[in-house]
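Sequences and hints are given; from them, build the entire structure.
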Amino acid sequence: MKKRKERIDRGIKARSSDIFALCSWKEMLYLSGPRLLPIIGFLLLPPFLGGYWQRVMLSVAVFALLAISWDILAQSGMVSLGQALFFGMGAYSAGVLNHYLGLSPFVTIPAAAILGALICTILLLPVLRLRGIYFSMVTLIIPIMLVRIIEASKIFGGTEGLSGLSSLPSRWVELYVAVIALLCALFGFRRMLASDFGLVLRGLNDSDRSVTNAGINIYRIKIQALLLSSAIGAFAGALMTHVYMFVGMPVFALDYSILPIAAAVVGGPGTLAGATLGACLLVPLSEVLRGIGGLRIVFYGLFLVIFIVALPEGIFHFIQRRYHQFDRWVEVDK
Amino acid sequence: MTVTSLLQVRDLSKAFGGVQALNLVNFDLEQGELLGVIGPNGSGKTTLVNLITGFVKCSRGTVNYKGRDITRWAPHRIVCLGIARTFQMVRPFYQLPAYKNMIIPLYSPRVKKLAGGRYGSRDAVALDLLEEVGFERDSHVAYKVASVLPQGYLKRLELAKAIALKPDLLILDELFSGLSLAEVASIVPIIEKLRQQGKTVIMIEHRLKELFRIADRVIVLNYGIKIADGVPSEVMESDDVKKAYLGTEV
Amino acid sequence: MFAGTVIYAVINSIILMLMALGFNLTFGISGIANFAYGALYIFSAYTSWILLHLLGLPYPLSVLLSILFTAFLGALMYRLVLLRVRGQVLSEVIATFGMGLAILELFRYLGFVGFEYTLPVFVDKSFFILGTFVDMQRIMIVLISTAIIAALWIFTHHTSLGLAFRGIAQDERTALTFGMDSDWIATLSVSLGAALAAVAATVIIPLGSISVGEGYDVLIKALAVCIIGGLGSTGGLVVAAFVIGFAERLTDTYIGSHWTMTVSLAAILIVLVVKPSGFFGKQKELEERI
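Protein chains in written order, with our numbering: chain A, 1 to 334; chain B, 1 to 250; chain C, 1 to 290.
Just to be clear, a hint being listed does not mean it is correct.
Computed Cβ-Cβ distance ranges for the label pairs, DEER-style [to be verified]:
#1 L31(A) <-> D123(B): 19 to 25 angstroms
#2 Q197(B) <-> L125(A): 52 to 58 angstroms
#3 K57(B) <-> P250(A): 41 to 47 angstroms
#4 Y219(A) <-> D216(B): 35 to 41 angstroms
#5 R68(B) <-> A147(C): 55 to 61 angstroms
#6 H258(C) <-> P110(A): 44 to 50 angstroms
Computed, partial: chain C to chain A, Cβ under 8 angstroms [said to hold, decoys possible]:
#7 F97
#8 W259
#9 L265
Worth flagging that the hints you see were computed from the coordinates, not collected in a lab. Remember, it's a predicted structure, so these values are computed and weren't measured experimentally. Note that CB positions come from ideal geometry on N, CA and C, so glycine has one too.
The following block contains the structure:
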């Protein structure tokens with residue numbers, strides 16, 4: 001008797017894919033559970049963590065935001081190798097606004113998100129018309145060049161940076177602003193990607209000729225995606241400026257470019273939830289592995305390679321599949 | 001200069017490196033006509049379409065549509081003006097279901113403008129359009145992912161995507177290629193209906209028999225030059241055309 | 001003094017050109033942007049050092065072996081990793097980037113940091129040309145680079161393998177129908193690119209010391225030259241290298257050495273705005289891809 005493996009939806013998935021899901025608590029929990037988990041986790045966990053782990057959670061939120069930003073761009077066909085550019089631009093915008101104009105963090109952070117987004121988009125405008133590879137190359141180069149330029153021209157504090165910047169009212173405010181921003185970004189942009197606009201973005205990745213043929217100006221769409229992504233990254237940078245009360249050349253460090261990509265690739269590119277999951281896994285992991293120093297970046301590199309080649313859908317898709325479907329052996333029909 | 005024709009192509013030329021793909025092609029197109037463009041492989045038919053629709057910049061010449069010079073326009077603007085085309089090598093969005101493929105053209109500014117601003121669900125419109133081109137509603141084939149659809153359906157999807165843009169001029173690049181006689185026979189009525197609605201159509205084809213039944217006029221290209229222009233029966237009698245297709249032996 | 005500046009500008013340009021050659025070659029033939037390029041460069045330098053100082057092999061042998069090992073590493077990269085993600089740009093970029101990262105940071109972790117990591121110059125001599133001292137190493141760089149460019153030109157124009165490379169570069173599909181094995185050629189292209197990186201490292205590293213940061217720098221410079229010159233075009237690469245080389249050197253002499261990066265970045269942005277595909281680039285935006 002020959003058998004084959006069959007993969008089918010779980011009963012509860014079938015039952016809950018219609019309005020009848022509202023009939024039973026079990027079905028409602030099945031649907032809402034995965035969504036409530038991060039919300040409850042992020043919102044309720046902080047009081048139970050010590051000061052150190054609260055910092056880690058803040059880090060998770062920041063890198064998750066950067067990873068989400070990367071993911072949105074990647075889905076539109078633009079692979080950014082320089083998330084540090086968005087982060088650093090936002091960080092410096094906030095720092096400069098705070099240092100030279102004395103604006104409060106509650107003003108500088110949103111302003112820096114917008115300002116950073118505008119500057120990054122304008123810088124990257126020329127490459128949008130070219131093949132995707134140019135985008136990757138230029139996003140890699142610009143942060144590193146900016147570091148040298150700041151070093152050379154000594155503007156905005158040069159190598160010393162700007163210190164003594166205002167901080168946010170309390171640790172709790174810092175953490176919860178980050179966490180709430182993350183949750184808004186996660187659910188908000190998932191919604192966006194599922195909408196018609198998101199469909200056009202994903203179509204852009206697939207075949208930009210077809211999108212042009214549909215009468216859509218693909219450059220305008222790309223600019224919109226870039227503005228959104230860079231705003232997220234700039235927000236993260238601006239926030240961290242006020243957490244550290246300092247901004248300097250390290251904001252353009254390679255770490256801010258690499259870890260988000262690793263998080264998104266490991267967690268699962270294409271679903272912003274995967275990027276968040278990846279950040280939740282990799283950031284604490286890198287904290288724990290702090291002892292081995294530079295070796296962590298070696299691991300990020302290896303993770304990137306292994307996941308992109310062997311497990312391109314990432315962990316999130318795997319979990320999602322197991323949640324919704326199961327495998328079983330059935331007899332081969334004669 | 002009085003402008004009566006819908007589309008006027010003058011001295012259109014394109015050179016790719018050393019190869020002259022199109023050389024001083026001239027023709028007019030009247031509103032409501034169905035113009036066939038035929039010629040042996042490599043004669044420049046697709047290049048002609050690419051030049052008219054702006055996907056490729058021409059080396060020389062002008063294209064006038066409804067009195068406006070659209071020679072240097074960007075492709076998406078030309079689409080928004082009312083010219084829609086299909087591609088010879090169909091390229092749907094493979095990971096999306098057929099009806100989701102339609103969302104992208106329905107998202108275009110032209111559709112939004114013609115509908116007077118935001119309207120209801122694009123999904124419903126997509127399903128209706130697909131039904132018009134032959135995606136049977138009860139078989140739910142419109143919900144299938146594009147990567148599993150056979151060529152016949154993919155061609156129809158391509159046609160539907162062009163129709164969704166409510167064009168005044170529809171350019172079909174080898175729509176019939178790869179289809180069986182039955183499939184062609186089922187698509188022809190759709191094109192007829194479009195003509196009844198007043199649309200103008202250009203069809204590039206290799207399947208001459210099917211084309212000649214519906215075309216008002218035909219132009220023939222060979223090595224980038226227009227060698228004939230007239231009603232189908234005349235064109236097929238021409239010695240030049242016979243020589244182009246069959247070689248020097250007639 | 002001006003003559004001195006010009007001479008050093010020429011040498012600087014040729015160094016840049018040499019750095020970018022391997023990357024450009026790989027991309028030109030198989031369309032793969034090898035972001036592990038800088039890592040391969042440094043890998044070859046450290047390998048030479050290890051063979052020379054830890055195994056005590058003679059210098060020429062160390063260098064030769066290092067070039068071979070690097071070429072082999074390049075081939076391995078393709079066969080093990082890139083082969084599986086061929087054609088998906090996102091994956092190729094991330095995979096090469098990840099590999100480069102892993103290699104560079106591994107060297108840093110293993111402690112290969114410090115001024116003792118240097119490679120000796122070939123011949124320790126200096127010449128007095130047009131009023132400035134120019135050392136033998138730099139002259140060798142000029143000679144070797146010219147030889148390589150000439151050899152590459154002959155190879156791609158007059159040997160069947162070279163012509164196969166150009167065929168694949170121009171139209172992969174058609175080349176495939178002629179029986180060219182695109183995977184094998186891609187392996188060769190990555191391998192050759194790696195070998196060129198190794199050669200570049202061999203002649204350039206003796207001017208300073210080996211450092212991991214240099215790996216990132218080389219990648220950046222290669223990218224900058226290729227962007228300005230146009231990806232895939234050797235002629236553009238030469239011109240771009242000279243433009244950047246002269247701009248950097250003149251900035252260094254007349255304005256201040258810290259501003260050289262600004263000039264390079266400005267050059268990139270200007271080129272991208274004015275002629276996006278680079279000086280002699282073959283990209284024509286959408287047109288390319290119909």
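Status of the hints after comparison with the structure:
no. : hint                                    : result
1   : L31(A) <-> D123(B): 19 to 25 angstroms  : holds, 21 angstroms
2   : Q197(B) <-> L125(A): 52 to 58 angstroms : violated, 41 angstroms
3   : K57(B) <-> P250(A): 41 to 47 angstroms  : holds, 46 angstroms
4   : Y219(A) <-> D216(B): 35 to 41 angstroms : holds, 38 angstroms
5   : R68(B) <-> A147(C): 55 to 61 angstroms  : holds, 57 angstroms
6   : H258(C) <-> P110(A): 44 to 50 angstroms : violated, 34 angstroms
7   : F97                                     : holds, 6 angstroms
8   : W259                                    : holds, 6 angstroms
9   : L265                                    : holds, 4 angstroms
This entry does not satisfy hints 2, 6, going by the numbered hints stated previously.
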